[in-house]
Amino acid sequence: MIRIIAGRELRSLFLSPLAWSVLAVVQVIMAYIFLVRMELFFQLQPRLAGTSIGVTDIVVTYLYDNAAVVLMLIVPLLTMRLVSEERRSRTLTLLFSAPVSMTEIILGKYLGIMVFLLAMMGLMSLMPLSLLIWGNLDLGKFAACLLGLTLLLASFASLGLFISTLTVQPTIAAVGTFGALLLLWVLDWKGDSGGGTGSVLAYLSLLHHYVSLLQGMFSSRDVIYYLLFSVTFIVLSIQRLDGQRLQH
Amino acid sequence: MERATLVSVEHLSRDYGGIRAVDDVSFELVRGEILGFLGPNGAGKTTTMQIISGNLAPSTGRVTINGIDILDNPKAAKAHIGYLPEQPPLYRELTVDEYLMYCARLNRIPAAECRAAVAVAKQRCGLLEVGRRLIDHLSKGFRQRVGIAQAIIHAPAVVILDEPTVGLDPIQIREIRNLIRELGRDHSVILSTHILPEVQSLCNRVQIINKGALVLNDTIEGLRRRMQASSLVVALRQAPTMDELRAVTGAQDIESLGEGRFRVHYKPEDDPAEALVAQAVRHGWGLHELTPERMSLEEIFVDITRTEQVPGHGPSGSTEEAA
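Residue numbers (the numbering used here), protein chains in the order written: chain A, 138 to 385; chain B, -6 to 316.
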């Protein structure tokens, strides 16, 4: 059942020009960043001989670091319609009257958007993979980058989905999601130095955990943070959808 | 086919922030029945239907579908319901085939049988020619039919239709009515509408809801009895005096409408028409018009829904108080 709902979600996404333009825009921006960094790498290459810094650090890590920011801008546009649009065009009734549980509805929608986001990431990842042609891509670090971005997208999507259940207006969902993501992103700018609140805020920041994954430092703490984040907002979305039948 | 109770609604109430939209509504629906659900705008029709279909939770009360409580076991109960809301829930970017296929899968029809189920629903709703068209490009009438097709695709025991003929042209209305009549044979149908003749021509039973409370629950025969004539209009060329007329007809009351026309009110059991004609011939009154006046469903409806004070109402049988 989750697959059927996810399938419909994907189909509708690809039937709208939004998905295609998002894919194109992201690809163009990422390709530009990739090329700029490749050029930088070629300039630096003579000086890097003998150090442990390679193309992965200069190009790939940087690419994924920036991808996170670009996707933070893009994901709200994709998640905004998930529930709010259905509520506005009254199609949510179809799901509510069918023998489908709220959990299945939410998981179906989440799966649908995740498949799309992962496809986008897959397209983007073809660029670093092309480095394999001349053969010195650090696959371990690359895998850490992929894992980091996947977890990050999972968190973005769950927050976007939740905010989309709160409103009937897709635009408000988009603005809300973007604001929330940005706030969570900059939360650690306060810095670790003060201890106390500073370190708590840093721990809550989405960026904080991403950076350590990008640097190839795989820590289960970071992975658990993202998983907890996603699960929390998925559960909240289910609760919200269920609660909608109760009060108005 | 056994006359099993398919829908049972017990003491249903629903509040919207202090306003009671539905107030202690109880009724039952048996297999093969078409129930007309009438009421002025804002009376609570849609709310009641949303609750029965599981889209809204009631504040108090119980709804069971085919013996399954919709709150305790929503998935199993919803499998027996097809619901067409006021605005059909259509994904406009899909074609009719894609949409119905999705609905079939959503209603847990096994993958192998989906195609057949879609074909049957399309055939019943007259959608065979538009299967490949985008829903967005269809006319309102066709969209409404797609909405009905969606509601019946899994052959549910209960079909709930919220104003299915609103905004359609007369030919489409006729087609949809035929479809509903056909549905009534092997499903139970709850039909909400504003159009009173529709109820008379389609339904076995009528329920009128006003200000959230059920004020009438009667079979269509019972309603016909209520609508029986209780007055006649006669037109006479050489009219006698009112007293003469009264003596002849034994009527309760006679009012003059001018130019030799009179309205004669009488008790249902003694129809004065025959006596009146005989007397008119004997005295040469020049009778040239005799029309029994019937109370229309519309008048009953207005009569009932205008009544401010509504006494109690039962879950079944007729309620005599309001008329």
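These are computed hints drawn from the structure, not numbers from a lab. Quantities reported herein were computed from a predicted structural model and do not represent experimental measurements. Any given hint might turn out to be false.
Claimed, not checked - Pairwise CB distance ranges (calculated): (1) I270(A) with R117(B): 37 to 43 Å; (2) V113(B) with V162(A): 43 to 49 Å; (3) L303(A) with V113(B): 18 to 24 Å.
What the hints assert, rightly or not - List of simulated lysine to any residue pairs, SDA-like, C-alpha gap at most 25 Å: (4) K68(B) with Q376(A); (5) K68(B) with R224(A); (6) K260(B) with L280(B); (7) K68(B) with R227(A); (8) K204(B) with L189(B); (9) K68(B) with F171(A); (10) K133(B) with E222(A); (11) K133(B) with Q116(B); (12) K260(B) with T234(B); (13) K133(B) with D162(B); (14) K133(B) with R174(B); (15) K260(B) with K204(B); (16) K68(B) with M264(A); (17) K68(B) with S267(A); (18) K68(B) with L185(A); (19) K133(B) with R227(A); (20) K204(B) with M288(B); (21) K133(B) with H187(B); (22) K68(B) with I375(A).
Said to hold, decoys possible - Below, a sample of chain A positions facing chain B; criterion: calculated Cβ distance under 7 Å: (23) L152; (24) S189; (25) R227; (26) T228; (27) K278.
Note that beta-carbon positions come from the ideal geometry of N, C-alpha and C, so glycine has one too.
The hints, checked one at a time:
Distance hint check for I270(A) and R117(B): the Cβ-Cβ separation is about 59 Å, which falls outside the suggested range of 37 to 43 Å. Remark: the range hint 43 to 49 Å for V113(B) to V162(A) is upheld by a beta-carbon distance near 44 Å. Separation of L303(A) from V113(B) is about 40 Å and departs from the stated range, judged on CB atoms against 18 to 24 Å. Straight-line distance between C-alpha atoms of K68(B) and Q376(A) comes to about 17 Å, which keeps the hinted pair within the 25 Å bound.
Distance check on the hinted pair: K68(B) and R224(A) sit about 21 Å apart at the alpha-carbon level, within 25 Å; holds. Taken as a hint, the K260(B) and L280(B) pair is honoured in the structure, with Cα atoms around 22 Å apart against an allowance of 25 Å. Using a Cα cut-off of 25 Å, the hinted pair K68(B) and R227(A) holds, with the two alpha carbons roughly 20 Å apart. Between the alpha carbons of K204(B) and L189(B) the distance comes to roughly 19 Å, so the proposed pair stays at or under 25 Å and holds.
A distance of roughly 50 Å separates the Cα atoms of K68(B) and F171(A); the hinted pair therefore is violated under the 25 Å criterion. A C-alpha spacing of about 21 Å is found between K133(B) and E222(A), which places the hinted pair at or below 25 Å, so the restraint holds. Restraint check for K133(B) and Q116(B): the C-alpha separation of about 18 Å stays at or below 25 Å, so the hint holds. For the given pair, K260(B) sits about 21 Å from T234(B) by alpha-carbon distance, which is consistent with the 25 Å threshold.
For the hint pairing K133(B) with D162(B), the CA-to-CA distance comes to about 10 Å; that is within 25 Å, so the pair holds. Simply put, K133(B) and R174(B) have alpha-carbon atoms about 21 Å apart, close enough for the 25 Å limit, and the pair holds. For the given pair, K260(B) sits about 32 Å from K204(B) by alpha-carbon distance, which is inconsistent with the 25 Å threshold. Distance restraint check for K68(B) and M264(A): the Cα-Cα separation of roughly 46 Å exceeds the 25 Å cut-off, and the hinted pair is therefore not satisfied.
The hinted pair formed by K68(B) and S267(A) fails the criterion: a straight-line CA distance of about 49 Å is larger than 25 Å. Using a Cα cut-off of 25 Å, the hinted pair K68(B) and L185(A) is violated, with the two alpha carbons roughly 63 Å apart. Pair hint K133(B) plus R227(A) holds up; C-alpha atoms about 16 Å apart against a cutoff of 25 Å. Proposed proximity of K204(B) and M288(B) is supported: the alpha carbons are some 23 Å apart, at most 25 Å.
Between the alpha carbons of K133(B) and H187(B) the distance comes to roughly 18 Å, so the proposed pair stays at or under 25 Å and holds. At most 25 Å may separate the alpha-carbon atoms for a hinted pair to count; K68(B) and I375(A) meet this at roughly 16 Å. The criterion of a C-beta within 7 Å of any C-beta in chain B is met by L152(A), whose closest approach is roughly 5 Å, and the hint holds. Interface hint at S189(A): violated, since its Cβ lies 52 Å from the closest Cβ of chain B, which is beyond the 7 Å cut-off.
Checking R227(A) against chain B: minimum C-beta separation of about 5 Å stays under 7 Å; hint holds. Given the 7 Å rule on beta carbons, the hint for T228(A) holds: about 4 Å separates it from the nearest Cβ of chain B. At about 41 Å, the closest approach between the beta carbon of K278(A) and any beta carbon in chain B exceeds 7 Å, and the interface hint on this residue is violated.
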